[in-house]
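Q: Okay, here's what each chain looks like letter by letter:
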Amino acid sequence: MFGPYLEAVRRQAPLIHNITNYVTANDCANLLLACGASPIMADDPAEVSEVQTACAGLHLNLGTLHTGTVAALLSAGCTANALGHPIVLDPVGVGISALRGTTARQLLAELHITVIRGNLSEIKVLARGSGNVHGVDADAADALTEQTLDRVIPMVKDLARRTGAVVAVSGAIDLVADGKTAYCIRNGCAMMRRVTGTGCQLSALTAAFVAASPDKPLAAAAAAVTAMGLCGQIAQSRLTPGEGNAALHSRIIDAMYNLTPRQLEEGERFETR
Amino acid sequence: MFGPYLEAVRRQAPLIHNITNYVTANDCANLLLACGASPIMADDPAEVSEVQTACAGLHLNLGTLHTGTVAALLSAGCTANALGHPIVLDPVGVGISALRGTTARQLLAELHITVIRGNLSEIKVLARGSGNVHGVDADAADALTEQTLDRVIPMVKDLARRTGAVVAVSGAIDLVADGKTAYCIRNGCAMMRRVTGTGCQLSALTAAFVAASPDKPLAAAAAAVTAMGLCGQIAQSRLTPGEGNAALHSRIIDAMYNLTPRQLEEGERFETR
Amino acid sequence: MFGPYLEAVRRQAPLIHNITNYVTANDCANLLLACGASPIMADDPAEVSEVQTACAGLHLNLGTLHTGTVAALLSAGCTANALGHPIVLDPVGVGISALRGTTARQLLAELHITVIRGNLSEIKVLARGSGNVHGVDADAADALTEQTLDRVIPMVKDLARRTGAVVAVSGAIDLVADGKTAYCIRNGCAMMRRVTGTGCQLSALTAAFVAASPDKPLAAAAAAVTAMGLCGQIAQSRLTPGEGNAALHSRIIDAMYNLTPRQLEEGERFETR
Numbered sequence: 001m002f003g004p005y006l007e008a009v010r011r012q013a014p015l016i017h018n019i020t021n022y023v024t025a026n027d028c029a030n031l032l033l034a035c036g037a038s039p040i041m042a043d044d045p046a047e048v049s050e051v052q053t054a055c056a057g058l059h060l061n062l063g064t065l066h067t068g069t070v071a072a073l074l075s076a077g078c079t080a081n082a083l084g085h086p087i088v089l090d091p092v093g094v095g096i097s098a099l100r101g102t103t104a105r106q107l108l109a110e111l112h113i114t115v116i117r118g119n120l121s122e123i124k125v126l127a128r129g130s131g132n133v134h135g136v137d138a139d140a141a142d143a144l145t146e147q148t149l150d151r152v153i154p155m156v157k158d159l160a161r162r163t164g165a166v167v168a169v170s171g172a173i174d175l176v177a178d179g180k181t182a183y184c185i186r187n188g189c190a191m192m193r194r195v196t197g198t199g200c201q202l203s204a205l206t207a208a209f210v211a212a213s214p215d216k217p218l219a220a221a222a223a224a225v226t227a228m229g230l231c232g233q234i235a236q237s238r239l240t241p242g243e244g245n246a247a248l249h250s251r252i253i254d255a256m257y258n259l260t261p262r263q264l265e266e267g268e269r270f271e272t273r
Numbered sequence: 001m002f003g004p005y006l007e008a009v010r011r012q013a014p015l016i017h018n019i020t021n022y023v024t025a026n027d028c029a030n031l032l033l034a035c036g037a038s039p040i041m042a043d044d045p046a047e048v049s050e051v052q053t054a055c056a057g058l059h060l061n062l063g064t065l066h067t068g069t070v071a072a073l074l075s076a077g078c079t080a081n082a083l084g085h086p087i088v089l090d091p092v093g094v095g096i097s098a099l100r101g102t103t104a105r106q107l108l109a110e111l112h113i114t115v116i117r118g119n120l121s122e123i124k125v126l127a128r129g130s131g132n133v134h135g136v137d138a139d140a141a142d143a144l145t146e147q148t149l150d151r152v153i154p155m156v157k158d159l160a161r162r163t164g165a166v167v168a169v170s171g172a173i174d175l176v177a178d179g180k181t182a183y184c185i186r187n188g189c190a191m192m193r194r195v196t197g198t199g200c201q202l203s204a205l206t207a208a209f210v211a212a213s214p215d216k217p218l219a220a221a222a223a224a225v226t227a228m229g230l231c232g233q234i235a236q237s238r239l240t241p242g243e244g245n246a247a248l249h250s251r252i253i254d255a256m257y258n259l260t261p262r263q264l265e266e267g268e269r270f271e272t273r
Numbered sequence: 001m002f003g004p005y006l007e008a009v010r011r012q013a014p015l016i017h018n019i020t021n022y023v024t025a026n027d028c029a030n031l032l033l034a035c036g037a038s039p040i041m042a043d044d045p046a047e048v049s050e051v052q053t054a055c056a057g058l059h060l061n062l063g064t065l066h067t068g069t070v071a072a073l074l075s076a077g078c079t080a081n082a083l084g085h086p087i088v089l090d091p092v093g094v095g096i097s098a099l100r101g102t103t104a105r106q107l108l109a110e111l112h113i114t115v116i117r118g119n120l121s122e123i124k125v126l127a128r129g130s131g132n133v134h135g136v137d138a139d140a141a142d143a144l145t146e147q148t149l150d151r152v153i154p155m156v157k158d159l160a161r162r163t164g165a166v167v168a169v170s171g172a173i174d175l176v177a178d179g180k181t182a183y184c185i186r187n188g189c190a191m192m193r194r195v196t197g198t199g200c201q202l203s204a205l206t207a208a209f210v211a212a213s214p215d216k217p218l219a220a221a222a223a224a225v226t227a228m229g230l231c232g233q234i235a236q237s238r239l240t241p242g243e244g245n246a247a248l249h250s251r252i253i254d255a256m257y258n259l260t261p262r263q264l265e266e267g268e269r270f271e272t273r
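Protein chains in written order, with our numbering: chain A, 1 to 273; chain B, 1 to 273; chain C, 1 to 273.
Quick caveat, the hints were computed from the structure, so don't treat them as lab data.
C-beta atoms are modelled at their ideal positions from N, C-alpha and C, and glycine is treated no differently.
Careful, some of the hints might be misleading.
[As the list claims (entries may be wrong)] A short, non-exhaustive set of chain C residues, derived as facing chain B with CB atoms under 8 Å:
{"hint": "1", "residue": "L65"}
{"hint": "2", "residue": "D137"}
{"hint": "3", "residue": "Q147"}
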């Protein structure tokens, strides 16, 4: 089902503007290039509106957030909204500080966000105003598994309804939902959590997929999540003895570079609820 | 012909000061170490003049430009000029915003730049005041190929003449010219465009090559461009099935680490016009 | 001897807050994940105290130091001190500018630093107020070898005594000392110097080891230094022809990912003086 969404990215090569952290910016850029899109990183309030005008989508990421960057997030976001470009918001570590919490709420209040993508701890903070936080990772109490799925889906659909955004939650099972439909995606591998920035990369990828299929943000976001998970599986299957998270890191990007629409369709594992 | 320029870098191990973007700074540092030079990144206006004093060359790069960094670019540049250290300017994405355009023009007006290195879209913006821009990549209309070479060379030589800088243009064919002579270099491979930061890395490398051979900036810059292209070819030839742009990324640096002056001379493909 | 210190990291998975440079932040994060810890990077003065509260240790690194970040270093450090969290200070390139020198001295005066980790040039600047500096690398005159060891140990112990910190010096031989005891560690390989950020990564790793064994900072820091050196050796032994510093870069992280307490104990090479 998701093959055409990857094809659309390859055909359109959307230019994606990332206002993101310095920890994983290189990985986001290389993953965007791997999937067939183009990246640009620019975060000075003086230029982000112009930069966004030249782009097809926007990825806003709160990792290593600076006070001075909030104006850039808003400026680029307003331009994206005015031009109808999709925005993906990644509220990295949103529960860990007032700066991140306030900024995330302000972005949700002032902008129309197309997709919110985070782990369950981050999504709970946005949905309920509070949650367990373990740095930038999901707290152990917030594992998204078969056991917790039934309780999580209504919360996620409710957040989607209230914000008008598609909500994508990463975990052992990935969940991508709007107010009505939830995709439960069973691709990915646990070892991806040991590579920094797989979440940020997925947010950048989601921006590319949604930019290339702007009329279908739910399915496009689900396709991006599935593609990333499948690339994690492919990468893990190619590890040799003695290799670890650095090898996985490179191989995920390589898997995306080589991923075909057909391979994506054969590997996708999901159901809707 | 270019072997001695690599030898000079290996022998002198020049310390290169980079004021550059956070997306590819790690790659610039590792490529400088690979070629035998040493990197330092420092961009606070309070320290860049002192830092440059301790260095042998300067790489100014406009990717992820911040308004507050412009003073650092100028301060480090003035010190480099006063001490006779070469400066390489990489006008990343210069057509995309007024901030980048204004800054590039100010640097060219107030500093003596030794080498300007960019893609054809960026060089056109500097040469003509306008150009097609596709983010940080060359626009499709600005491919540097056999067909466009004859038209591009005079423009590049003219820019070199007006600025007093060597101008290095990256594309399917690379062009390195001063006001009189243009090296047309046929090393490199198309897949390098799918690795973020190969341009930034080349700018850093060029600073190392010119710093080690300060009396011959044209040939040294051409040697750096040739070495980078050859490393791209070597890296690509070593890819195995299933590998992609992340593997190429590492292998380019590894190829530079192992590149010998003799290998460079055997692999160099260029003519002058 | 050092196996239990690695075990403690794996068992506790300490969350380490890094205020560090943008050149090697990705590597620090992946190395922390490889050893079993978790990373978070946050450097805005508005949030670092809250972030540190949620963490178990703090890594302060002066690479790419910004004037505006000094307040964040102090704020996070005060919180760490108040909560009894260990702080590792990496005075990257401290001799190269007044900004770095003044900041390092201020941090040592206002905070209780648990471990100072740097190369011999950097440590000399802190110990004597001056030293030879070659960018962010140790000056050739500051090699830490069998010949210089006897002269260096008293200086390092004296700095430890005056600051109350464990002092870890990286070189051909690594030295980790408090006021009384010095571990002379003979793991590691020369090629690690050709990978940017191995020092920064070691500082982050040291923060994780000390955070997991807070009552034994000397032995925990020595264990981290030994583990990093051993991973360098393992990584180098796995290089194949044509590979270079980029491959070493990945393989060091992979070696840490796979390092067992038993392997550490079998590979450790040190004596105390």
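Q: Now, for every hint given, state plainly whether the structure supports it.
A: Going down the list of hints, with the structure as the test:
no. : hint : result
1   : L65  : 6 Å, holds
2   : D137 : 6 Å, holds
3   : Q147 : 22 Å, violated
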